[in-house]
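A.B. asks: From first to last, the protein sequence lines stand for chains A and B.
All residue numbers for the first sequence refer to my numbering, where the first residue is 1 and numbers rise by one.
All residue numbers for the second sequence refer to my numbering, where the first residue is 1 and numbers rise by one.
Among the hints, erroneous ones may be present.
What the hints assert, rightly or not - Between beta-carbon pairs, the in silico distance windows are:
#1 279/A / 128/B: 33 to 39 angstroms
#2 328/A / 203/B: 46 to 52 angstroms
#3 158/B / 245/A: 38 to 44 angstroms
#4 102/A / 313/B: 43 to 49 angstroms
Stated by the list, open to error - Over the 12 angstroms line for every Cβ pair with chain A, so calculated as not near, a few chain B residues:
#5 85
#6 121
#7 133
#8 302
Note that these hints are calculated values from the structure, not bench results.
For every residue, glycine included, the Cβ atom is placed at its ideal position computed from N, Cα and C.
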Amino acid sequence: MNDIMLRVENLSTSFFTHLGEVKAVRGVSFTVQKGEVLGIVGESGSGKSITALSILQLLKHPGKVISGRVLFKGESLLDKPEKQMRAMRGNQLSMIFQDPMTSLNPTLTVGEQVMEMIRVHQTVDRGLARKKALELFDWVKIPSPRERLNCYPHEFSGGMRQRVMIAMALCCDPELIIADEPTTALDVTIQEQILKLLRSIQGRLNSSIVLITHDLGVIAELADRILVMYGGMIMEEAPVEDIFYRPRHPYTVGLLESIPQIEGHARRRLIPIPGSPPDMLKPPAGCPFAPRCAAAMRICFEKSPEYSKSKRSRAMCWLWHPQAPPSAIFDRWRKGA
Amino acid sequence: MMKHSGPLVEVRNLKKYFPVGKAILKSHTRYLKAVDGVDLSIDKGETLGLVGESGCGKSTVAKSIIRIHPITDGEIIFNNTDISRLKPGQLMPFRKEVQMIFQDPYASLNSRMTVRDIVGESLEIHKIGTRKERLDRVRTLLEKVGLNADHANRYPHEFSGGQRQRIGIARALAVNPSFIICDEPISALDVSIQAQVVNMLEDLQKEMNLTYLFIAHDLSMVKHISNRMGVMYLGKIVEIADSEEIYKHPMHPYTRMLLSAIPVPDPLLSRNKTQTEMEEEIPSPLNLPSGCRFRTRCPHAMDICETQSPLLSDMGGNHSVACHLAK
Numbered sequence: 001m002n003d004i005m006l007r008v009e010n011l012s013t014s015f016f017t018h019l020g021e022v023k024a025v026r027g028v029s030f031t032v033q034k035g036e037v038l039g040i041v042g043e044s045g046s047g048k049s050i051t052a053l054s055i056l057q058l059l060k061h062p063g064k065v066i067s068g069r070v071l072f073k074g075e076s077l078l079d080k081p082e083k084q085m086r087a088m089r090g091n092q093l094s095m096i097f098q099d100p101m102t103s104l105n106p107t108l109t110v111g112e113q114v115m116e117m118i119r120v121h122q123t124v125d126r127g128l129a130r131k132k133a134l135e136l137f138d139w140v141k142i143p144s145p146r147e148r149l150n151c152y153p154h155e156f157s158g159g160m161r162q163r164v165m166i167a168m169a170l171c172c173d174p175e176l177i178i179a180d181e182p183t184t185a186l187d188v189t190i191q192e193q194i195l196k197l198l199r200s201i202q203g204r205l206n207s208s209i210v211l212i213t214h215d216l217g218v219i220a221e222l223a224d225r226i227l228v229m230y231g232g233m234i235m236e237e238a239p240v241e242d243i244f245y246r247p248r249h250p251y252t253v254g255l256l257e258s259i260p261q262i263e264g265h266a267r268r269r270l271i272p273i274p275g276s277p278p279d280m281l282k283p284p285a286g287c288p289f290a291p292r293c294a295a296a297m298r299i300c301f302e303k304s305p306e307y308s309k310s311k312r313s314r315a316m317c318w319l320w321h322p323q324a325p326p327s328a329i330f331d332r333w334r335k336g337a
Numbered sequence: 001m002m003k004h005s006g007p008l009v010e011v012r013n014l015k016k017y018f019p020v021g022k023a024i025l026k027s028h029t030r031y032l033k034a035v036d037g038v039d040l041s042i043d044k045g046e047t048l049g050l051v052g053e054s055g056c057g058k059s060t061v062a063k064s065i066i067r068i069h070p071i072t073d074g075e076i077i078f079n080n081t082d083i084s085r086l087k088p089g090q091l092m093p094f095r096k097e098v099q100m101i102f103q104d105p106y107a108s109l110n111s112r113m114t115v116r117d118i119v120g121e122s123l124e125i126h127k128i129g130t131r132k133e134r135l136d137r138v139r140t141l142l143e144k145v146g147l148n149a150d151h152a153n154r155y156p157h158e159f160s161g162g163q164r165q166r167i168g169i170a171r172a173l174a175v176n177p178s179f180i181i182c183d184e185p186i187s188a189l190d191v192s193i194q195a196q197v198v199n200m201l202e203d204l205q206k207e208m209n210l211t212y213l214f215i216a217h218d219l220s221m222v223k224h225i226s227n228r229m230g231v232m233y234l235g236k237i238v239e240i241a242d243s244e245e246i247y248k249h250p251m252h253p254y255t256r257m258l259l260s261a262i263p264v265p266d267p268l269l270s271r272n273k274t275q276t277e278m279e280e281e282i283p284s285p286l287n288l289p290s291g292c293r294f295r296t297r298c299p300h301a302m303d304i305c306e307t308q309s310p311l312l313s314d315m316g317g318n319h320s321v322a323c324h325l326a327k
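Just chain B, with the same shape it has in the complex:
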């Protein structure tokens, strides 16, 4: 189906702690552990999906990978180079390779810039081509994402949500990146438009041999687009496997709970589906449970879960899970 040739992106033991409030002594500062030891690798041409409830740290992983903020610990290896400690100036070539598509097509486009300036900005920053060439490139890109080349001189408010997201995609494609992080790219769009955008992302991937990190809370869409899927809970990956495998044989109780919560667009199935009782809400990431972080909501929690944090271990067949129950 797709060419796989070694990892393009590798994340090792990524940690991102945010200091909370102010303390007189540095040692008294409390930290919000948004990402707490995440390992990932994404092959060339592959789509890795990342799912989890809001606050689980999936967007922080994305932002850490593109170095929007400095990370607390860990390594981010892109194309065999550790970029996690590079200085802003040294990051420029990396920035050209990695682009991002954002969730909100309204907030992520500057309303005072024309489409031409929005899409062409990165070309200008990376000093690619002449003015004329850049405009040509913008026009080609707009057509590639299904817009009209003459839309270049318009402003974002003249477009619908779906069209704006296409502009955001054109902007991401402008510098010919190899890796695109899609952070909830379709959740603000209408159902009939979501399918258009997802199909387009799939086509672009094939055409330009792109690698995606696809973050979303819509599990059925993530399953549809991803080759592999990681499930995150409170800053850790609890299960990662091929998308089909995860759906057919979910091992972690949290994965099972997420899957059972998906509303099925089929009245007979959805009304007969097994109800998992799960009343507790996600604990505060400021005050994490000891041991396994999921134990407070887990229907199978045992004594060991309270004291020992389970490690993510390979169960064979590329299926890894972090649970004391998994054998």
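This is chain A alone, in the form it adopts within the complex:
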């Protein structure tokens, strides 16, 4: 356990809007080991992207980290001045965003942009930067890289643009890559290739990857360990097999039941989670999932549960309290699977 790349402790982030304080992230703690792929799943508004932005200090006004600590290899990131953060971002820490069209500058060639990234962090001349950019393009399997360097982003397909973004993220051999919905805008076939690419990068650099997605299929393919987020909190944390085969939180069960099973023969009706995600201006007093939970008890609405922990996992649910009545909700999924 001594190879901890990233430690996030009790992180809370809010947006101070004219309507009031939107509590986007509420006391999130987790660690990322060296060489590990940590998946964060959750719906939009669950706080998963804001957690990532808070870690990298990329929050925009009116967002603000209100408490907590972020330690990258033991060094606290939150009190670093912007100048130092800039030197780290894209260097040891890098990020891959969802939409490769809006994250690339349309008025510069992609080569220009990759080279800029290299030259910001390394003292190399244009020639060397170009050579390095070529290597990166080759690595992320962009065909005919020499010609492609002189192309503009609009001349690339979505999948190729995402490869450019990944090349940029890799230019300084990062130790931690945060990938926020890296394949959401792509076709399944291209998604498959990008996931394969991420896997090979991880194998080669032995970097840690934080993979943020709403797609349970993507996370099943890539992640070693999973955090399930909802309402700005971590509902459950467990190794990937446990999340999919032995979920310990009703929200995780709900997510699994609401997606169609490819292998199933009969047209099983989907079981949606009723209602909609909580309003983070006025988050519920108790468990954020209680209003949509099939197994909710009175206490769930009043008081937020503690984590029920085991060696490698934890779940934030009152059903795991020693005095809680037995509930069939967890058997429901296991029986179905």
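Given chain A's structure and the hints, the job is docking chain B onto it.
C.D. replies: Coordinates of chain B only, in the frame set by chain A:
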């Protein structure tokens, strides 16, 4: 399960070419062949799913069927009438029968209109009912799609993505259509909300005997909702069959490739699944390969694939495939 009584929609040899750039001579104009000879038929009460990568022409098929743009060639037969050459005025009765649900619940609702005006607009255009009756209808529709009738006076920005998509569905239902084209209706929604919307579409179909053309890139969801499924590649249908059949016995190499690329939400299965090597990207539709369009990415391409374009032929059991390998 569902009543099938003859095709409601039939598309024959549909072609849609978009001119690209400008040429001095008309004969020099290059065309993007977005849809290049598509045949489809959809029975009453049935759901036909259409899948394929972006750029394969599935949305163009949808837009051609509802005549958003004029088609280059082919016939669109709706309820035994060829509507492909009708003039805008003559199309009005058809427009009442066919509605569309769009992908982006943010872009597809006018932010300056109230929900009441959005949902009621088509009633007004088709001059259905009095003002009062139209409002009542809007309120009933909102309740039908799981919203509150009092939401009628609100604006789209007051709703979440899932709720907006419900508004879009209410709008499509307003004129009591028989055929609804759903173009990626759930891909902008959260997982837990997708299931709500899909279940609702299924319930509405049963209740109102609707026929759906369901377009999506999420294959598992398409399989879930569709009776039959068509797989498109670069403007052509390469395989079409019952959804179960296509999943169990995919015949076209492209279908197999698509299926194997679906991320399976099951860590043991997904890590052990057979990896199909498929590095090439989809060729540009401006510069189509000769013969079979898939041959540049096909692991089984033969000589004949280069010269002859395979025809979509029936393999029995309602399963059609366009591949030289299929026997």
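A.B. asks: Hints first: check each against the structure and report whether it holds.
C.D. replies: Tested hints:
no.	hint	result
1	279/A / 128/B: 33 to 39 angstroms	36 angstroms, holds
2	328/A / 203/B: 46 to 52 angstroms	26 angstroms, violated
3	158/B / 245/A: 38 to 44 angstroms	40 angstroms, holds
4	102/A / 313/B: 43 to 49 angstroms	44 angstroms, holds
5	85	34 angstroms, holds
6	121	26 angstroms, holds
7	133	31 angstroms, holds
8	302	22 angstroms, holds
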